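**Q** Listed here are the chains, written in short residue letters.
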Amino acid sequence: MADKKTMIVFSGDMDKVMASFIIANGAAAMGSEVTMFFTFWGLNALRKAKKIKIKKDFMESMFGWMMPRGSEKLGLSKMNFCGMGASMMKSIMKKKNVNSLPELIESAQLMGVKMIACTMSMDVMGIREEELIDGIEFAGVATYLGESDEANVNLFI
Amino acid sequence: MADKKTMIVFSGDMDKVMASFIIANGAAAMGSEVTMFFTFWGLNALRKAKKIKIKKDFMESMFGWMMPRGSEKLGLSKMNFCGMGASMMKSIMKKKNVNSLPELIESAQLMGVKMIACTMSMDVMGIREEELIDGIEFAGVATYLGESDEANVNLFI
Amino acid sequence: MADKKTMIVFSGDMDKVMASFIIANGAAAMGSEVTMFFTFWGLNALRKAKKIKIKKDFMESMFGWMMPRGSEKLGLSKMNFCGMGASMMKSIMKKKNVNSLPELIESAQLMGVKMIACTMSMDVMGIREEELIDGIEFAGVATYLGESDEANVNLFI
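Read top to bottom, the protein sequences are chains V, X and R. Residue 1 in the numbering used here sits at position 1 of the first sequence, and the numbers go up by one each step. Residue 59 in the numbering used here sits at position 59 of the second sequence, and the numbers go up by one each step. Residue 142 in the numbering used here sits at position 142 of the third sequence, and the numbers go up by one each step.
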């Protein structure tokens, strides 16, 4: 059994989220326990693609409307050009037989990577549990810190 | 006594600096020693809000004028819209009773989180000791590396 | 002998790449083994300045043409203003006798810092071995994970 790894996924950029899942899946395949803690923009990677009907106040609705809904909708951190860069990257990845982000997330879940959504960020951004994909946990910074104490590699992405 | 944590705060974005202080304060509350090393744009989070009269050359003045002066003035890493995003985030945080960044910094200092400003970055950006908030230390990368060797969690933010 | 350090250099921003080499060189000078793993935009820091003639398909050529060719061409993560910010930063660094990025990379190589280019990213971005500077290695995420298991400080930049 290899040592545990943790990642804070703060970024909601497609390229950075992909990097985090490539590391997570690699580590899990090599026998490591892996915990990913999604916070701030990183939460967008966990949103369901379908709009969920929920009563939100004005600010929460604004945030929910402006932020990308799910891993298919994320943009690149550089050269996104209103989504053209992200589309270009996806088409190249498909051609080169590299797994897409939704496929990477699915693999991570199948391999038992623990995915935690930061409840404080969810509260601030007005994101509710039912808006996020199934199979994830909900917790705060103390849980992250506990996990990181047991790990030998801890990254902030 | 829990194990030590270090963070390099490279970013000067309000959301990333907030994340670093939420982690720092959480770790300190759980009994960890915490060292934060502020470098490049991260130094802006430590600037005093008040303009300090100092003789600077043209380039230093330009940098000083263009960069945000203190934790109240930082923008978001995404959806900032010339500060509108940051204001929106602050008003939501207030409504949800989440501590503001200046409050988080104050708590960190009260709990004994060690804050170090990177002297090389200060030199490059023309920032002087008297322009930064009280209670911080000044050192270089060797000091950071020494601290990180004693820690079990080391993040770059 | 101090403990090993690893860094994933994901960013291709001049300021972030500089920070990674300042840490790498500092750690190497203090006796640590250091491994840097360049992936995604970080690969641009390792590109040769000279255009190498290689047959590429349309998408690969587009990527190659739009991305900065080598450490001299990188922009700042903030206040780049189409390269003006990066030039300003370089001129200040020169005046203050701070090593430039190409000098930092050369020092790193002389001190034996191990630099690995991520082969999966190279494939996606259409970057070939002969387009990158000499003296680097080529490997995937499993190699990075193996290296990080032996290190006590692991950063994602």
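Please keep in mind that the hints were generated in silico from the structure rather than gathered at the bench. These numbers were taken from a predicted model, which means no experiment stands behind them. Mixed in with the good hints, there may be bad ones.
You can't tell identical chains apart in this list, so a pair holds if it fits in one copy or across any two.
Stated by the list, open to error - No farther apart than 27 angstroms at their CA atoms in a straight line, the calculated lysine-lysine pairs in the DSS-like style are these:
hint, residue 1, residue 2
1, 4, 95
2, 90, 73
3, 53, 4
4, 78, 4
5, 4, 73
6, 96, 4
7, 96, 78
8, 94, 4
9, 114, 73
10, 51, 4
11, 4, 55
12, 50, 4
13, 55, 114
**Q** Check each numbered hint against the structure and report the violated ones by number, ascending.
**A** Structure breaks hints 1, 3, 4, 5, 6, 8, 10, 11, 12, 13.
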